Amino acid sequence: MIKGMMSRPENTKLYWKEFMHQCSEIGVGSLGIVSIISIFMGAVSTVQTAYQLVSPLIPLTTIAQIVRDTVILEFAPTLVCIVLAGVVGSKIASELGNMRVSEQIDALEIMGINTKTYLIMPKIAAAILMIPLLVILAMVLGIYGGRLAGTAAGILSTDTFDKGLMDNFKAYNVFFSLMKAYTFAFIISSIPAYYGYYVKGGSLEIGRSSTSSVVVSCVMILLADYVLAALLL
Amino acid sequence: MIEFKDIKKSFGSKLVLDGVSHVMETGKANLIIGSSGSGKTVLQKCLVGLLEPDEGSISYDGMNFIDMTQEHRKELRQQIGMLFQGSALFDSMTVEDNVKFPLDMFTKGNNSTKQKRVNEVLERVNLEGVNKKFPSEISGGMKKRVGIARAIVLTPKYLFCDEPNSGLDPQTSMLIDKLIYEITREFNMTTIINTHDMNSVMEIGDNILYMKDGRKEWTGNSKDIIFSKNKALNEFIFASEFLQDAKNMRMLEAEGKINPNDIAH
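Chains Z and E, in that order, give the protein sequences.
Residue numbers for the first sequence follow the working numbering, so the first one is 1 and each next one is one higher.
Residue numbers for the second sequence follow the working numbering, so the first one is 1 and each next one is one higher.
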């Protein structure tokens, strides 16, 4: 499928339009869910970390460090991408599946359009551009949510939290997180595209392929998460 | 003209097309008829390249389609229009955008020229005032007409129609048939229609290929059908007593034994 995508676009302007449309669908369309998850993810991390760090020998700034690192290293890329696998992945699979079943893909083929290039490439490219941006947003909002929850629950002051954020910060962690985001973005877009594009049958099969694509994407994300951690950390 | 010889196609162990050969003529409505499962849709898909035949040859005005490179096929496909059974309109686009899509993709004219052409073809298929509607907001007959408009917007040399009348009432079916027939003559296209609508067969069947069990069973035109002695064809076309009576009437009329003006309406 990937090989079939690599052909010269028939009309660059229309492909660009489709790419921008997909950026809006994948990026802007997922802003709400990503924001909500990130804020609560950070907030819960702060409260639960504080609950476990009961020793007076451990400074409160450690809570902020733990929240920062867990959000950047794991929660923002992995958790957000697993949610996006459901939101974006099922949408891609069902959209392409519906186009296949209702012969819209055949209609494009008959017109002389490379459907893999026109329908799949903009989705994968848009996901690779937008998902890392969503992950960066999730990092920021996750940490901000942790900061809010820390002060709201009276666990630590904003000054203490901010000081903890600065302690032992490693920029490499952000790089590692973005590497994960790019890998997961490819998984989230390509696997559902494959399932949707090659669906056979009717609406029942579209539903099945959509579900299968989300399950396979999630498993692949977890597998890739482990492999990247083992290789890059 | 589209000529195909000895087309064979199997799916697993099931042989769906068994050496079908025929010539589809330019400027005529070429009909492929046959009962469900006779292989007519598979044959049409092989002709347009959506399926690859296992054996045989296909030529478009002398150009060998089977051996063509993908690039050449892409060029040829810009001369092919196709009307799908379910119309296959793009759900996310309005009627106007659906028709304009091939123009946007393959032509370099400015927007007003394209818009003019879109309005021309929509007017040609008797569709006005629906430009901004989505496919979900129009009737089945209108969808077919939008499908035809999209298929002819680039003035193709070849027009393929897969069951153009399915799901339509008899009156709308006749309008669609008439429209396809007129367009075929007007643009001198090679039109290939898959159908099992008997009205279509009798009204626009210039060149008919009857298929049975993946084989060519009979060829001729709508006039030949009346006098055909082919048992399978007669059972298929004149399946009901009403149609059998109509056939007998036509035969008597052709032999001059009755005058159609004498028959009370």
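Quick caveat, the hints were computed from the structure, so don't treat them as lab data.
Among these hints, one or two may not hold up.
[Stated by the list, open to error] Partner residues are not named here, just some residues of chain Z that face chain E (Cβ under 7 Å, in silico):
1) 4
2) 6
3) 10
4) 11
5) 101
6) 102
7) 106
8) 111
9) 115
All values derive from a computational prediction rather than experimental measurement.
Positions of the beta carbon are idealized from the N, C-alpha and C atoms, including for glycine.
Hint check results:
Checking residue 4 of chain Z against chain E by beta carbon gives a least distance of about 10 Å; that is not within 7 Å, so the hint is violated. Contact between residue 6 of chain Z and chain E, as hinted, is not supported at the beta carbon level, the nearest pair being about 12 Å apart and thus beyond 7 Å. Of the supplied interface hints, the one on residue 10 of chain Z holds, with its beta-carbon coming within about 6 Å of a beta-carbon of chain E, less than 7 Å. At about 5 Å, the closest approach between the beta carbon of residue 11 of chain Z and any beta carbon in chain E falls short of 7 Å, and the interface hint on this residue holds.
The beta carbon of residue 101 of chain Z comes no nearer than 9 Å to any beta carbon in chain E, farther than 7 Å, and the hint placing it at the interface is violated. At its closest, the beta carbon of residue 102 of chain Z sits 6 Å from a beta carbon of chain E; the interface hint therefore holds under the 7 Å criterion. About 6 Å separates the beta-carbon of residue 106 of chain Z from the nearest beta-carbon of chain E, less than 7 Å, and the hint is met. Proximity of residue 111 of chain Z to chain E holds as hinted, the smallest CB-CB distance being about 6 Å (cut-off 7 Å).
Interface restraint check for residue 115 of chain Z: the shortest CB-CB distance to chain E comes to about 11 Å, outside 7 Å, so the restraint is violated.
Figure legend: structure checked against the earlier numbered hints; hints not met, in rising order: 1, 2, 5 and 9.
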